[in-house]
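One-letter residues, chain by chain:
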Amino acid sequence: MFDFLEDYDLLGAFWTTVQLAVLSAVGSLIWGTLLAAMRVGPVPLMRGFGTAYVNIVRNIPLTVIILFTSLGLNQSLGITLGASDFETINFRLAVLGLILYTSAFVCEALRSGINTVPVGQAEAARAIGLSFGQVLSLVVLPQAFRSSVVPLANVLIALIKNTTVAAAIGVAEAALLMKEMIENEAQLLLISAVIAFGFVVLTLPTGLILGWVGKKVAVKR
Amino acid sequence: MSSVLYDAQGPRAKRRNVVFTVVFLAALAVLLWWVFSTLKDKGQLEWALWKPFFTGSEAWTTYIWPGLENTLKAAALAMVIALPLGAALGIARLSDHVWVRVPAAVVVEFFRAIPVLVLMIFGLALFAEYTNVSSDDRPLYAVVTGLVLYNASVLAEIVRAGILSLPKGQAEAAMAIGLRKNQLMRLVLLPQAVTAMLPAIVSQLVVILKDTALGGAVLTFPELLASANTMSGYYGANVIASFTVVAVIYIALNFALTSFASWLERRLRRGKKSTGAVLKVDDAQVAGAAGTGAGGGV
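For the protein sequence lines, the chains are A and B, in the order given. Quick note: the first sequence uses full-length UniProt numbering, first residue 1, plus one each step. Quick note: the second sequence uses full-length UniProt numbering, first residue 1, plus one each step.
With the rest of the complex left out, here is chain B (with noise of 0.2 Å):
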């Protein structure tokens, strides 16, 4: 095993690494042990508390599956909404013409570099006062508008760093073959860029669902997150419970996406057929123009 930092180890090396490797150990059982007994104190670790997940279905039923089924589909509807919207914004900001391309660009710093929650909170009061959605559909409504207002701008910037990381002569050859300037977005840029950004926007997936959470915590929207909450108030306040069995939901569902991303993006960078332009699932942040790239995937 030898990187950047370290050669291939030598009889001293494995001796200290040896110490290390005792020491860490004896740390981290440590940090356990506290762990452990702290919940024992608590009395956190009494089966009654733990048993709704494990023995019967109710917990699952009436609690976690009807949250999670709303996580999903704030997650999906804003992916579907924000793609387009997104790939539209990208598109406009690479424009020819300046009264496009600059308001384009306004639209989508402004929405990077504002929190999400923020907007969810805005599109919430916008709801409430402006239109007749009726008030139990109003948080999903909310939402969603945060999430696709934000998203799409960020979705903007990795579709238009998805477009500069074409080869030049793509474009080139396509204007030399008298193709016209939306012939050849249509026909050249957009079919290589979507493969070359597809993990950037897989990961993008992960952000939106991480950030449905704040619907649950903050706009009563009935989530995973505030399934949790209900559900450690019914079964007497076995809130480490609960807390654990959702965020284990979220960490297996995310991981799964993640690992799909990098997946993704091994096997497009193999591919024969493609330009060799990949996005890494980063580098749409960092490709933000001016360095004003606001932290996508955060």
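This is chain A alone, in the form it adopts within the complex (with noise of 0.2 Å):
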């Protein structure tokens, strides 16, 4: 019954998935975290620019902007990141659109955390003599971070289902290779159930433990 499982890689398909979804994480932490600091900021035309960039990518659907690294980024400026052949090509230019995408909502998540903060806190840190620094990084920062890991769990749940998305511009992940299988084999049900368990392995202990870490790590209010 599972035989014709062979001849196809599916574990590839799912390390590509993952592998997706890794980088892609990192990245976006990254540049979702500068966005945080922009949007929180007290320079107001970095603020601007960060309330910009947020309310621009979250609502262009992610198709769109994965299509356009493709299309509009590789095919019509010629641009590689760097690759030579067509699949790393493609994988990177995935990578992007994720990182550009995703830090969107990585940014509201910080942000989220940081109002949860109470503004007492800063207060008597600066009360007892606190500089700016040391008021960021010993009092709010620390309880920002502890509320924000539900949110950030969450968004990397989506970002695990999103690299799907990659699909669109011919990046060998699970969707794809799901799409080739039914096209080949005739087992339909079979060929779903199995993609859809993979998934359900990476999402769904990632919200367990994450959610279970962000229960033991929340400030107590």
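Hints are computed from structural coordinates only; laboratory data are not their basis. The model shown is predicted, which means the values in this text are computed figures rather than measured ones. Treat the hints with caution; some may be incorrect.
Unchecked claim - Quick list of the computed label-pair ranges, beta carbon to beta carbon:
(1) A:Ser137 / B:Gly56: 54 to 62 Å
(2) B:Arg270 / A:Ser137: 47 to 55 Å
(3) B:Ala176 / A:Val119: 39 to 47 Å
(4) B:Val19 / A:Val119: 22 to 30 Å
(5) B:Tyr130 / A:Pro44: 57 to 65 Å
(6) A:Arg47 / B:Leu32: 13 to 21 Å
(7) B:Trp99 / A:Leu130: 55 to 63 Å
(8) B:Ile249 / A:Arg47: 52 to 60 Å
(9) B:Trp99 / A:Ile56: 44 to 52 Å
(10) B:Gln9 / A:Val217: 31 to 39 Å
(11) A:Arg47 / B:Val80: 37 to 45 Å
(12) B:Thr230 / A:Leu11: 35 to 43 Å
(13) B:Ala29 / A:Phe4: 53 to 61 Å
C-beta: ideal position from N, C-alpha, C; glycine also.
Dock the two chains into a complex; use the hints.
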């Protein structure tokens, strides 16, 4: 019943999915943190840029962004991101698209974390004479990160699921393999069940573990 | 201007801000100049490539409008079917009977854990194999099926969070005056919960609208993004121009919906008649029990 699976690189496809997710997660955590810093910082121009970026990127479908990286950036403008073969280029473009999109949500998750810190905390810190850097690093951010764990976990889960959009530009990940298998084999339900199981295995434990961690580290108020 | 993070600023901080502003402005200018010169080098700024969108209505009537119509049709269908289904699932998850509660929970958690695209691909093959839906209609059916399965389970969580967000006294008072369980839900909890969830539901509509684009890219569903593709072929590879126009349309639509959602949220929070329970737009995802919230709004 399962022998047809041996003709396909199922693990390889899910490995690509995991790679896409991990690389994009790291990238969007960095870019998203920078955006969040801009959005909550005291410089009006940076605040404006952060707000504009988040509002624009959040409202464009990820599919449009990913397709644009391939058709627009690569084919029209000749950007290759330092890769030479077709597969690597598309993989890197997909990661770029995922980072650009996901960082808007990372920014919002972090900002919601910062907003949960009561103003009194920072005021008390200033009252005992801490400098801006100390207020930020010793008092506000440690609390903010702890209450951002659950929203960030939600973003990560969404990111894992969003990696399937890379199928639109031919990255050989799980959804593309599913499409190929359905076209070649008459085993629709079985194939779908296997792919669905793969994603459940990736997303459900992530949610459970990070949800538990989030509850554990959250600041009780 | 002060916030949790910084105080009202003195002269030194103000000077520092000016320096930051200038440096950031320079960086932005360099970036914009780079984008502009790359576009110019590759001939993407030629007027001929942008002309179809600004002169004449052909591009709009043959490509963009029909595409937009399909996008809106799929989104509306998905919303109309997913909403009652989601409400039913959400209420079922709160049932007193284990044999109702557990299956509903399994269905909701399962479909939230799977990418919409996988559900759409499954739907397409399902309709091809087991039904006689014509091959022209199949992509629409598949897109709507995928969106309904996924969003019904997300909406179920929103409904559940909405009902749980109501003050306990509401249910207790209703039971004290002798209402049945079904009356309690129908007359007391649901009407108040619906107001509390409205903002979250509207922002879920944004997610649905954005996800229709998957149908265009992978399932040959002729919606807005797909029409951008055909359009750029027809007008001589004006990919940049077509995508810009389409992206602006998506941004305008979704921004209007997002703003409507936050306006609704503010208004409901202010209202005196409600119980004061308003789900924040992001709350519904966070409120998922046991932290399995599968990232609804992203």
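Each hint, compared with the structure:
1. In this structure the hint that serine 137 (chain A) and glycine 56 (chain B) lie 54 to 62 Å apart at CB holds, the actual value being about 58 Å.
2. Taken as a hint, the range 47 to 55 Å is violated for the pair arginine 270 (chain B) and serine 137 (chain A), whose Cβ atoms sit roughly 37 Å apart.
3. For the pair alanine 176 (chain B) and valine 119 (chain A), the supplied restraint of 39 to 47 Å holds, since their beta-carbon distance comes to about 40 Å.
4. Remark: the range hint 22 to 30 Å for valine 19 (chain B) to valine 119 (chain A) is upheld by a beta-carbon distance near 27 Å.
5. Between tyrosine 130 (chain B) and proline 44 (chain A) the CB atoms are about 59 Å apart, so this pair conforms to the stated range of 57 to 65 Å.
6. The hinted range of 13 to 21 Å is satisfied by arginine 47 (chain A) and leucine 32 (chain B), whose Cβ atoms lie roughly 19 Å apart.
7. For tryptophan 99 (chain B) paired with leucine 130 (chain A), a C-beta distance near 57 Å keeps the hint of 55 to 63 Å intact.
8. At about 27 Å, the beta-carbon gap between isoleucine 249 (chain B) and arginine 47 (chain A) misses the expected band of 52 to 60 Å.
9. Tryptophan 99 (chain B) and isoleucine 56 (chain A) have their C-beta atoms about 47 Å apart, which keeps the hinted 44 to 52 Å range intact.
10. Take glutamine 9 (chain B) and valine 217 (chain A): their Cβ atoms lie about 33 Å apart, and the range 31 to 39 Å holds.
11. At about 39 Å, the beta-carbon gap between arginine 47 (chain A) and valine 80 (chain B) stays in the expected band of 37 to 45 Å.
12. As the Cβ distance of threonine 230 (chain B) to leucine 11 (chain A) is approximately 37 Å, the hint placing it in 35 to 43 Å holds.
13. For alanine 29 (chain B) and phenylalanine 4 (chain A), the Cβ-Cβ distance of about 57 Å falls inside the hinted range of 53 to 61 Å, so the restraint holds.
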